[in-house]
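Visitor: Sequence:
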Amino acid sequence: MTAVTSVVPLEHARFTGSPQLADVAAGAVLGPGSRGDGLRAVQGALLDMGFALYGGADGRYGPDTARALRNFQVHATSVAFPGVRASGVLDAATLRALEALAPAPGSRGQTRSLPSPFYAGQPVRVVIALREHRTFLFDPEGRLVDIFPNAVGTAATPTHPGLKVVRAKLDQVATENAGARLWNDRHVFGARLLDLSWVDGHRSGEELHGTSAPALLGGDVSHGCIRHANEDILVLHDALAVGDRIAVVETLQDPHLGVPVTVG
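Read in order, the letters of the sequence shown correspond to residues 316 to 579 in my numbering.
A hint or two may mislead.
[To be verified] Label pairs and their in silico Cβ distance ranges: (1) Val322 x Asn492: 55 to 63 Å; (2) Ala343 x Trp513: 21 to 29 Å; (3) Val488 x Glu326: 45 to 53 Å; (4) Pro347 x Arg423: 22 to 30 Å; (5) Arg427 x Gly377: 25 to 33 Å; (6) Gly377 x Gly342: 30 to 38 Å; (7) Glu326 x Arg518: 47 to 55 Å.
[Unchecked claim] Once the Cα atoms are required to be at most 25 Å apart in a straight line, the calculated DMTMM-like pairs of lysine to aspartate or glutamate come out as: (8) Lys484 x Asp461; (9) Lys484 x Asp500; (10) Lys484 x Asp515; (11) Lys484 x Asp553; (12) Lys484 x Asp559; (13) Lys484 x Asp510; (14) Lys484 x Asp454.
Please keep in mind that the hints were generated in silico from the structure rather than gathered at the bench.
Computed from a prediction, not measured in an experiment: that's the story for all the values here.
Just so it is clear, CB atoms sit at the ideal spot from N, CA and C, and this is done for glycine as well.
Let's have the full structure, built from the sequences with the hints guiding it.
Guide: Right, dumping it as structure tokens:
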């Protein structure tokens, strides 16, 4: 007699009622060539969680969706979902992790497994998670404001983890002038730039800035700086002040971070 394994129904409001995702929960995998409303719902959740998905929620699996899923899987593995693998395809383990972590329909962010707004005991305004390519912005009281996708350094020119501070803030004119001076391209740094130093005052050679290539967000493509969409760097520029601390970590397992936060 063959044993029958029961499948726990999907309960998250973003995913219930989707036959495509019910099949994934039962063991199917969505990868290259897949399309459908279930995949669109997953893409929407990834976007609202701050993962880069340049093509938007179009219900089609392509390279952008693979990259967003892989970045989410890196995050899920770092916050106690050991069954998840960074494969870039949607399987049952990844879908269950999304159920646990995705915000309610119409909401952004996460309510579980957020980084602490403390690094080595010091309050920070931003946590940058390099391997999952996300930037977490907190208000001065340590409440999450939003999560933004980023792009970071390549293996040859990495973004260095550690505690940094905002050294200077450049407006659009100064940002464009810096791009023209350094790279002969007024738009390479996007709309704004925040220069960083190490917390001890030494120059880090890294910045938070916008981008003229939004399709590359979510990857390791820079010379060490942390790129953001131009609309997101405007938010960061307005929210942060000179002297605010920025924690850069490989993953949220970094021992310098405090206990993960649950919101709401």
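Visitor: Would the pair Lys484 and Asp559 pass a check requiring their Cα atoms to be no farther apart than 25 Å?
Guide: 11 Å, holds
Visitor: For Lys484 and Asp515, compute the direct alpha-carbon distance and say whether it is at most 25 Å.
Guide: At roughly 18 Å apart (the allowed maximum being 25 Å), Asp515 and Lys484 satisfy the hint.
Visitor: Between the alpha carbons of Lys484 and Asp461, is the straight-line distance 25 Å or under?
Guide: 20 Å, holds
Visitor: Kindly confirm whether 25 to 33 Å is satisfied by the beta carbon distance between Arg427 and Gly377.
Guide: 28 Å, holds
Visitor: Under the criterion that the straight-line Cα-Cα distance not exceed 25 Å, is the pair Lys484, Asp454 satisfied?
Guide: 18 Å, holds
Visitor: Is the gap between the beta carbons of Ala343 and Trp513 within 21 to 29 Å?
Guide: 48 Å, violated
Visitor: Mind checking the alpha carbons of Lys484 and Asp500 for me, to see if they're no more than 25 Å apart?
Guide: 19 Å, holds
Visitor: Using the C-beta atoms of Glu326 and Arg518, is the stated range 47 to 55 Å upheld?
Guide: 50 Å, holds
Visitor: Could you say whether the range 30 to 38 Å given as a hint is met by the Cβ separation of Gly377 and Gly342?
Guide: 23 Å, violated
Visitor: Between Lys484 and Asp553, does the CA-CA distance stay at or below 25 Å?
Guide: This hinted pair holds, its Cα atoms lying about 9 Å apart.
Visitor: For Lys484 and Asp510, compute the direct alpha-carbon distance and say whether it is at most 25 Å.
Guide: 6 Å, holds
Visitor: Determine whether the Cβ-Cβ distance between Val488 and Glu326 falls within the hinted range of 45 to 53 Å.
Guide: 51 Å, holds
Of the numbered hints listed earlier, those contradicted by the structure are 2, 6.
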